[in-house]
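Single-letter residue listing:
2 protein chains.
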Amino acid sequence: MYNNQNSNNTMKKLRIGVSLTSLLLSLSLHAQSEYVNPLIGTQGMGHTFPGACVPFSMIQLSPDTDTLSHNINGAYVPEVYAYCAGYQYDDPTIVGFSHTHLNGTGHSDLGDILIMPATGELKLNPGRASHPDEGYRSRFSHQTEKAEPGYYEVVLDDYQVKVQLTATRHTGIHKYTYLNKDRDGRIILDLNHGIYNYDGKTLWASIRVENDTLITGYRVTNGWARTNQIYFAMSLSKPIRKYGYKDKAPVAYNGFWRRFKLNENFPEMAGRKIVAYFEFDTSDGNELEIKVGLSGVSTEGALRNLQEETGGKDFTTLAQEARDSWNKALGSIRIEGNEDQKAMFYTSYYHTMINPSVYTDVDGKYRGLDNNIHQAEGFTNYTVFSLWDTYRAEHPLLALMKPQENRDMVQSMLRHQQQSVHGMLPVWSHMANENWCMSGYHSVSVVLDAIAKGADINPQEALKAMVRTSQVPYYEGLASYQKLGYVPLEESATAASTTLEYAYDDWCIYEMARRSGDTELAETYRKRALNYRHIFDRETGFARPRYADGRFKTNFDPLQTHGEGFIEGNSWNFSFHAPHDVNGLISLMGGDRQFIKRLDDLFSMDLPAQYYEKSEDITRDCLLGGYVHGNEPSHHVPYLYAWTSEPWKTQYWVREIMNRMYRNHLNGLSGNDDCGQMSAWYIFTSLGFYPVCPGSNQYVLGAPYLPSQELQLPNGKTFRIKAPGVSDKKRYVKEVYLNGQRYDKMYLTQEDLMKGGEITFVMSASPNKSRGLKKADKPYSLTDGK
Amino acid sequence: MYNNQNSNNTMKKLRIGVSLTSLLLSLSLHAQSEYVNPLIGTQGMGHTFPGACVPFSMIQLSPDTDTLSHNINGAYVPEVYAYCAGYQYDDPTIVGFSHTHLNGTGHSDLGDILIMPATGELKLNPGRASHPDEGYRSRFSHQTEKAEPGYYEVVLDDYQVKVQLTATRHTGIHKYTYLNKDRDGRIILDLNHGIYNYDGKTLWASIRVENDTLITGYRVTNGWARTNQIYFAMSLSKPIRKYGYKDKAPVAYNGFWRRFKLNENFPEMAGRKIVAYFEFDTSDGNELEIKVGLSGVSTEGALRNLQEETGGKDFTTLAQEARDSWNKALGSIRIEGNEDQKAMFYTSYYHTMINPSVYTDVDGKYRGLDNNIHQAEGFTNYTVFSLWDTYRAEHPLLALMKPQENRDMVQSMLRHQQQSVHGMLPVWSHMANENWCMSGYHSVSVVLDAIAKGADINPQEALKAMVRTSQVPYYEGLASYQKLGYVPLEESATAASTTLEYAYDDWCIYEMARRSGDTELAETYRKRALNYRHIFDRETGFARPRYADGRFKTNFDPLQTHGEGFIEGNSWNFSFHAPHDVNGLISLMGGDRQFIKRLDDLFSMDLPAQYYEKSEDITRDCLLGGYVHGNEPSHHVPYLYAWTSEPWKTQYWVREIMNRMYRNHLNGLSGNDDCGQMSAWYIFTSLGFYPVCPGSNQYVLGAPYLPSQELQLPNGKTFRIKAPGVSDKKRYVKEVYLNGQRYDKMYLTQEDLMKGGEITFVMSASPNKSRGLKKADKPYSLTDGK
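In the order they appear, the protein sequences are chains V and C.
Residues are numbered in this note's numbering as their position in the first sequence, beginning at 1, plus a constant of 1048.
Residues are numbered in this note's numbering as their position in the second sequence, beginning at 1, plus a constant of 1048.
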């Protein structure tokens, strides 16, 4: 258990004491957020952040405990990996509170616009964790720390300042209580601070002191996002008494600056490495509230965002609104379970609603991929698309529970495609940048899945964007892929996994063309969807990279993750990647018995340490045999038994994964949360079904993790999932009843869920080996294996 | 004479040959531009550029012969001074053709978006002038060079490429003829090139190859303009065959760039020091036309600018339109004179219509001083305000001949004030930046002058902006100035001249308040307008800096320009700076006789070399005795005789200055043109009157330089200035007749001119010493000397 549980409990009790009546009245809406523990995943490699945000907000206001600058320009320094979200639980100091964070990524960035309260000697550098007194950072104790959805609190020991944070969609709100009233209050505004920081990441920064309670500014960075322009407006509850800045490197202003003392009380600051300070008279009261509006468009936009969302409201009101928004969002699923199960469920659900994030101002303006300012007509523009991860379960979950948001995310992707000089849908994009991270063009899956589930999206526009994306010749091996039917190893170090991924993506385009009645186009992409077969070595039944001349790679080790033509997965795991044509896969691996054996072996093997000990994000804990849950390529694999003669085995393994890979603990995630994908897997698997092939409209059945789960669907219907008596022992499904009728299929459809109703799983300690065997009850497969 | 005159003449004759009829038909409109020689001032310190622009255009497309990077971050390196406009006539090579240039400034900047045609070996650095083969620069000969308003032509010897340039308001148009047809055509696009360049001036640059005939991009620089964001769209007449770039310093993009060959045919480039190249098939024709639209707002804006202005038009058409626009602008004054006089007159008039420059897109959007994008409602936004220079004669000339443009410039200044975090009107501003160059707040003069001359400007808004500007306590010594009545030497190295300048500016605010009927405010500023008296040492009759305690500076040398409390002028010249209260000045200097003696001495003294030999912009040539015409503080001084008992002396000296300081020669300007101020002085003085005290509505009479000059006023009226027989010998004014009536006043008013009519100066070889002596005929003075 994490060591600040006591203080959390105390707080909960206090709140009940204060307003028992209102709490009871609103219990149905206000319960779920209290189970969320944002600290889960902040230790180890979850890469989550503990700070304040609201669902899908532009703001993720959170403490940064370090960011380990790497000084080699552009070169990867491994330590930076630990700080993808800016916070590591074991760190002894807090550098400050910055406004943007990625949730659970495997690559770091952001950490924009850092504010740190301070007192005493003026320090304008962060200092080192090992020597905190050198800089403005402060020691802190987790005893003083509280983290809840939309709220964060901590006391900075070095300054005796109590920090409280909350957020609206575009505005981070800080409340600093200077407990030592004798001292003058100060804040540091460090525009040089960042995550994935290196000397020169900040290309330019600017601050304007508009008046004694309003500061605006911006900075432009060259980080993971190649060019990130972030604007802010900062409103203060107390007038500034004195201010100034330093810039590590002197910056040319003009030949006449002798006229002004530029670094003191001069309301215009600009430079490459600006660290500013602002001082306040705290003798008349020791509280300072700061509202920081952000925008990707302009300082004008940031100010408008701030004013519209927070005008006239104090910290307490805004913190309550943030809590309410989380309770409303989280309340759409009600569950029964023990405290740990509820913590894990709602924390997971919470993590599925952080990214993608809003990237539109309140007036609809947003910065497009072409760096021009666009007006979002009829949608909200979103960013942070970690699509290699999130097409699997995160977007399908949003399509189910947050369809309006998911539809707008798809609209955002289509705009991205239109603004792209490559004409491509996003691969890994954030803040009006394409980062080209990971493989495939999985946007097509998200677009198809949303349309298949009824989202209001122009299908012709979507199809055109999908096709265009799949034809960019210079994108990783795509010209050769179109010619040869696979990506040759000469052209890509991940040629094999990329081929597998392209094939599924091409199925999505096939399906979209088919739905649109374009038979010819559909046929083209149907063929491309079978391209995964071209890299299957039928002798071994493993996917295996090939050269352009057709030869397979020699000296090939299917257990090895690195250097064998795959990314974040070895051939053992990745060979199962044809979610759209599982029957085809079964054939390739030698038929039903062989396929089952391969799955059994995967989950049961004893993987030698040499295959994971050097990987930065795989440890023994995230392995189940040779199955790696911490990375995504295997996420659908436990469900593949559904296509075989032993579907019940899914029921066994998914519960093993739930129990072993997700724990209500600081270090409770078995891998990066990956913008909600790990968490979305948890939610679906807990519900008892999983979208193995997004776009197919089917959810493949596993077994519910909890006895009662209830979806409050956005169409007003309720869908209940009952599994009375389910437990680790009674993990097997004996029978299933849908709305009272026996249900033998191995999947549910989107329509089944959206109609509302109830599905009951009769659980048992032993498997029902005869359920789900009929061909008619099997889930979708493009082919029957041929 | 400049050595390319022959080729110019040849061209002129050719044109007549080709289209004699149309030329004759349009002779009245199409004559003046042919007298303009844009090369005047390109040798020495005129700091003019020879390239193509149209009146007040955002574009100044011109060859850069060098820019002499200085590598000391921010530190002033003297050589950079020579390249304020990017071109020095004596240089042997051309680096390329960039799109933005300042006209005649004393501080360098811009040189944005350089293009250079090339062939042969690929070179992606400019190389050095001493070793041109090291880089992409080329040798050239002035024999191949033609410079006309709106048109420039040269042949690049190293590549055998003929370059032709023209411009619209927002678009630079290049036509490259690859004379050596065997070779492939190439262009270099150097986004690292700049004027006032230093290692790091370019903060970030980006290029998108939108398709094979369209490129967009932007760059952000930290030059003299602290942050200059410039966007471009580049349309090509031939498809790109191949392209790429290099970036001197590697820039982090992402960890996955191995997927792409980023530096070859990848349509997205970004970095700190990008130099790109584009290759074309020139075997099917050897001409390449490039249209480059600029915008301060966005690439979208740049493309819209380009399309609206140049859509469907080829180089020849656009070049003719540019010529037409200049002929129309220049044709508003018709003169009689010899070839040299016409060249000098029309070149001067041409130079008064380059800066300020348009800084609005065709859709009215512009980047404001607050870095937000604004919509210009009812005006065109302008930038490049060199106000310490241009308030004197440049803006008054525009107020007379280009009142709509001048009114919009004033509107632009008022918006600047509203967008300024200081609440100040511009001091020296360009491209949405305040550079704080030189002293005073002379915008107030331009605002008042425009309003006094009938511009449609809200007087209350104007007055408010003027007052606010004059009260910014941290602006050079202004807090003390308001308290003590002068800027103390402790607070400013230019305390004395700044005090003199503030006093005149305060007179402008007084006059604006008086006009608005705010008697109380007027009285406040009337007192401030007399502040110049506080730094007059009555014993010597010289302005002299004082300390805060009232003591005058000791060891004071009124001939010394540097270190004595003045800027760009010594006390001998600057002491005459009270254009609003010349009677007061006369008293301070000991009365009429003493004052005349001081003027006589100024023009006749033998200034020891020690006082000018170390100044970067003063040479013996720009001196007339101790009078320095190359810098502005003395520009009104020759006209001050008008207030004395010997007004005829003005007639002598102004003709001396015209003859000596302006010559139809490459090195024909006696100082920086200073955004048209030097040239506007020439125009007014040629016409026979000068706005000694802008805002007073009066033009003080000198003597016409030419026998016949005719103003086609923008209200449709014509005002003719006749001086039959005027010559160096017959330079004195015997009598004056206004519309046939004898006219004894020493000034004309704006109303006199705007009514249209004719003024005749009866010229004589000897002065009429009795003309203009009556008190009633004297020009405006705030006081009668007390």
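Be careful, since some hints might not be right.
Identical copies look the same in the list; a pair holds intra-copy or inter-copy alike.
Here are the computed lysine-lysine pairs in the DSS-like style, where the Cα-Cα straight-line distance is at most 30 Å [as the list claims (entries may be wrong)]:
#1 K1294 with K1321
#2 K1697 with K1782
#3 K1361 with K1823
#4 K1662 with K1309
#5 K1777 with K1294
#6 K1309 with K1512
#7 K1834 with K1697
#8 K1601 with K1309
#9 K1817 with K1645
#10 K1290 with K1171
#11 K1309 with K1645
#12 K1309 with K1575
#13 K1697 with K1390
Please keep in mind that the hints were generated in silico from the structure rather than gathered at the bench.
This one's a predicted model, so the numbers in the text were calculated from it and none came from an experiment.
- prompt: Is it within a copy, between copies, both, or neither that the alpha carbon of K1601 lies no farther than 30 Å from that of K1309?
  reply: between (67 Å within a copy, 24 Å between copies)
- request: Check K1817 against K1645 for me: Cα-Cα at most 30 Å, and say if that holds within a copy, between copies, both or neither.
  value: within (16 Å within a copy, 120 Å between copies)
query: Are the CA atoms of K1662 and K1309 at most 30 Å apart within a copy, between copies, both, or neither?
result: between (54 Å within a copy, 29 Å between copies)
Alpha-carbon proximity context of K1777 and K1294, limit 30 Å: The answer is neither: 63 Å in one copy and 64 Å across copies each exceed 30 Å.
message: Checking an output row: K1290 and K1171, CA cutoff 30 Å. Within, between, both or neither?
response: within (15 Å within a copy, 52 Å between copies)
Status of K1575 relative to K1309 across identical chains (alpha carbons, at most 30 Å): Answer is between; shortest inter-copy Cα gap is 29 Å, intra-copy 70 Å.
Intra- versus inter-subunit Cα pairing at 30 Å for K1309 with K1645: neither (76 Å within a copy, 42 Å between copies)
- prompt: At most 30 Å between C-alpha atoms: does K1697 with K1390 qualify within a copy, between copies, both, or neither?
  reply: within (25 Å within a copy, 98 Å between copies)
- prompt: Are the CA atoms of K1697 and K1782 at most 30 Å apart within a copy, between copies, both, or neither?
  reply: Answer is within; shortest intra-copy Cα gap is 13 Å, inter-copy 116 Å.
message: Please sort K1309 with K1512 into within, between, both or neither, judging by C-alpha distance up to 30 Å.
response: For K1309 and K1512, only the inter-copy Cα distance (26 Å) is at most 30 Å; the intra-copy one is 58 Å.
query: Is it within, between, both, or neither for K1834 and K1697, if the alpha carbons may be no more than 30 Å apart?
result: Intra 25 Å, inter 107 Å, cutoff 30 Å: intra-copy only.
- request: Up to 30 Å between alpha-carbons, please classify K1294 paired with K1321: within, between, both or neither.
  value: both (8 Å within a copy, 26 Å between copies)
When held up to the earlier numbered hints, the structure conflicts with 3, 5, 11 and fits the remainder.
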